[in-house]
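*Asks:* Please take these sequences and the hints and turn them into a complete structure.
Residue numbers (our numbering), protein chains in the order written: chain A, 4 to 221; chain B, 76 to 209.
Just so you know, the hints here were simulated from the structure itself, not pulled from any lab data. Treat the hints loosely; a few may be bogus.
Derived EDC-like pairs (lysine to aspartate or glutamate); straight-line CA-CA distance at most 20 Å [claimed, not checked]: (1) A/K153 / B/E176; (2) B/K96 / A/E177; (3) B/K96 / B/E149.
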Amino acid sequence: MKKYQEIKRTLSVLVLEDNDGDFVLIEDYLIETFRTVQIKRCKTFSDYKEFTDNPTKDNINLILLDLHLPDLSGLELIQKIIAENVQVPVIILTGYTDLYLAKDSLKLGIDDFLVKDEVTPSILHKSIEFAFSRSQYVMHIEAQNEKLRKIAWTQSHVVRAPLARILGIINLIETEKEKLDDLMFWLKQLRISSNEMDAVVKKITEEAQEIQLNNNVE
Amino acid sequence: MLNKTIYIIDDDPIVRFIIEKMMSKMDSTLIFIHCENGKVGLEKLNGHQGEFSKCIILLDLNMPLLDGWGFLDEIQSRKLNDYKNVALYILSSSTDKPDIERSKKYSIVKKFYHKPLSIADITEILDMHIKPAV
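*Replies:* What follows is the structure, encoded as structure tokens:
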């Protein structure tokens, strides 16, 4: 995962905006704040599709989205953009009329919304910085969740396997008054299963500690 | 009348052995067929097809070569009529909810048991499908 400072140097923004005046303004602000910024503009949703369908397209690390494109707008537009850009922060540019929709879209995973008439270079800069910080945080949590899901799976399948065997052997011993030979055999099996479980538990503990270590490094 | 056959499909030999011991205590006429994975299970089950007697399958999920899900997919893709004498139970160490939900998508699965099988579980499995010899 790239750090923000790195991204800032190589920032590449996709602006979905059909209005020329609004676009020029945003472009100016971006260049003022991030001198080396790469800006790609799409005027319509079909422009955007054409751009993203191109396999040799430049890597985009931020999207600025106007809520009214000629061929798609509002909620549907937001949902499509978010679904296709899970790892890329998206900031909405809106007028006063869409303020409610813009606010609601935060729940859908939009990082921020800016009211066009109020945008200044410093507001835009701050919003972008926050968006990156938030998206890095979210990605970090997602990565952790993935590890936790793996641990849960291991607990359920790998740890429970020897445990279930131990319980099964105990069931068996309880149901029969075996000869001593048999009992010794089952005791040996109990020891094997217990050792196996011990090893698995130790491994899981190590993995959990790894997660903590990773946190400390960052 | 032919004896009932129990297919134990599990990669853990100790687990298979425990199940056989426990079950044969309750019905000494049962015939056990051990399969160390789903692939072996399918092969041995193919030989069983056409026989009149009922059979019970105890299926583990997490196995090498062909796991329980792969086994179910294969069984399900065949005609269910071929399996009207078959009672299939999942027997897994997994207590994962997604596994239990997933198993419900297979109509051939009668029930999902967590390991180990208790006496009550075995009574349930045997009584439901095997009438005691008179």
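*Asks:* Give a verdict on every hint.
*Replies:* Hint by hint, here is what the structure shows:
1. A/K153 / B/E176: The hint holds at about 18 Å.
2. B/K96 / A/E177: Distance of about 12 Å is within 20 Å: holds.
3. B/K96 / B/E149: Given pair B/K96, B/E149 is violated - Cα atoms ~29 Å apart, limit 20 Å.
Going down the numbered hints, you'll see the structure goes against just number 3.
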